[in-house]
Amino acid sequence: VNDELNAFLHAEPAEGDFTVGAKDVIDVAGMPTTAASKVLRRIPERDATCVARLRAAGAAIVGKLNTHEFAYGALTNSPHFGPALNPWNPAHTTGGSSGGSGGAVAAGLVDVALGTDTAGSIRIPAAFCGVTGHRPTIGLVPTDGVVPTAWSLDTVGPLARTAAECRRVLELMAERPLAAAARDLRIGIVTRLFERAEPQVAALCDAAVRELHGTLEQVRIPLHDDIATITQLVMLPEATALHLQWLRTRLDDYGPDVRARLLAGLFLPPTAHVTGLRARRWAREEFERELGEYDLLVAPAMPTTPPRLDAVPATYRLDLMPYSSPAALLGLPVTVVPCGFVDGLPVGLALTGRRSEDGVPLAAAERFQQVTEWHLRRPVDHASATELYTSRQAQPGRG
Amino acid sequence: MAAESNSVERLREIAEEQGVSPGDDDLEAVLDFVSRLLPALKDLERRLPPETPT
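So the sequence lines, in the order shown, correspond to chains G and X.
Per our numbering, the first sequence starts with residue 1, numbered consecutively.
Per our numbering, the second sequence starts with residue 1, numbered consecutively.
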């Protein structure tokens, strides 16, 4: 694999009908699993179930893909393995945590990449790398053989060039067909997420929505202001509990941002997780009551294009949360499709479906890609761009 | 166990009670985040309908 973009952490030759790279939190028999960390290194004897199902269907598993350390962040900039570089401009982040997955698909290094999405980790890199990604309904794809981030939020899903490829791979991993809706779609436009996005991003997404087939209405997500907090209350204690033994014995081996996030889970009261679970139930009931009749909700996948690696805003994670947290907390399926470019950097549209109706956003995405060509765009010459990035970094005064 | 008094020293005590020994830089990094999350938790607890199960 020609990997100037640092998408792969491990690669091996393999033969099959289509090539697949697995995020390095997903076990592939005989390949190391590190989660881009210094703490974990195991060589599993067995594939994760999702990988085994793809291998049985003819997939060539060609390697392990870069990730934010332990999939616990939105940048893919592990201090132990280095950042994944965005094929559209290697000075910019791929997003994360499945950043190697997004970058590898965008650069054409694999046909399909597997990612995980606990609180946005497939959707963010899909949008930032200009590829199609699908976060499944929670529970649709088995997560055994996958390093957990937070048990009650984790999902495994595909990133590929097209929604049709995502559907094919998802059906193989789920071992079931994913039906499209046999009805006219009722589509809710989450206006608040358009209003909060950068104007050029919002304009592209607004134009993309006009290509969807269905009845369009403006909607608001109930408890939207609370959902990021509730997600944190569920996720932090689960993630910290998963790492507690290592926090006691190998604290210094974590990168600073992941270490801080894991430590934060120590300082919540014992009731916080229960309050989070109860509030999740409340949010689900309110969502079902107000938006349960909608087949799709649409919004910009992310409010911005990918930031430069050396200029990530301090508010980066907070800014993304209103976009990524609702589907994560509510366990809903989301397909992200490329829908344009701003200054050469991709923009994605998020199509959120009802729980267990993954086929609906995927079918809408397939139809969108039949009438648009954004998913066919390719980074022109990422090797040259990488050289440019490297040479710029060597200039005095650049970080 | 919660960080009711949001000082670095209080955070250190809570961490050490759980067998974890973070440095000052780590605790400073966490302090702001925890200081924002705990009031949000309290507000949520106040508004959460009491009959809501998990």
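Don't take each hint at face value.
What the hints assert, rightly or not - Partial pick of chain G residues on the chain X-facing surface, computed with a CB cut under 10 angstroms:
(1) Leu236
(2) Leu251
(3) Arg278
(4) Arg280
(5) Arg281
Unchecked claim - Stretches of chain G that chain X covers, calculated by requiring three or more beta carbons in the stretch to come under 8 angstroms of a beta carbon on chain X:
(6) 218-232
(7) 323-335
Hints were generated in silico from the structure; no laboratory data involved.
Just so it is clear, the structure is predicted and the values come from calculations on it, not from any experiment.
Where a beta carbon is used, it is the ideal one built from N, C-alpha and C, also for glycine.
Query raised in the report: Under a C-beta cut-off of less than 8 angstroms, do 3 or more residues of the stretch 218-232 of chain G approach chain X closely enough to confirm the stated coverage?
Result: holds (count 4)
Requested in this report: Please verify that hint: G:Arg281, Cβ, nearest Cβ of chain X, below 10 angstroms or not.
Outcome: holds (6 angstroms)
Query - Restraint check, 10 angstroms cut-off on beta carbons, for G:Leu236 near chain X - result: Holds, about 8 angstroms.
**Report entry** Evaluation of the interface hint that places G:Arg280 against chain X, nearest CB under 10 angstroms
**Finding:** holds (8 angstroms)
Requested in this report: Closer than 10 angstroms between Cβ atoms is the bar; does G:Arg278 clear it against chain X? Give me holds or violated.
Outcome: Since chain X brings a Cβ to about 5 angstroms from G:Arg278, closer than 10 angstroms, the hint holds.
Query - Status of the hint placing G:Leu251 at chain X (closest C-beta pair under 10 angstroms) - result: holds (6 angstroms)
Requested in this report: Go check the stretch 323-335 of chain G versus chain X for me, would you? Three or more residues, Cβ under 8 angstroms, otherwise it fails.
Outcome: violated (count 0)
Hint 7 alone, counting from the list given before, is not met by this structure.
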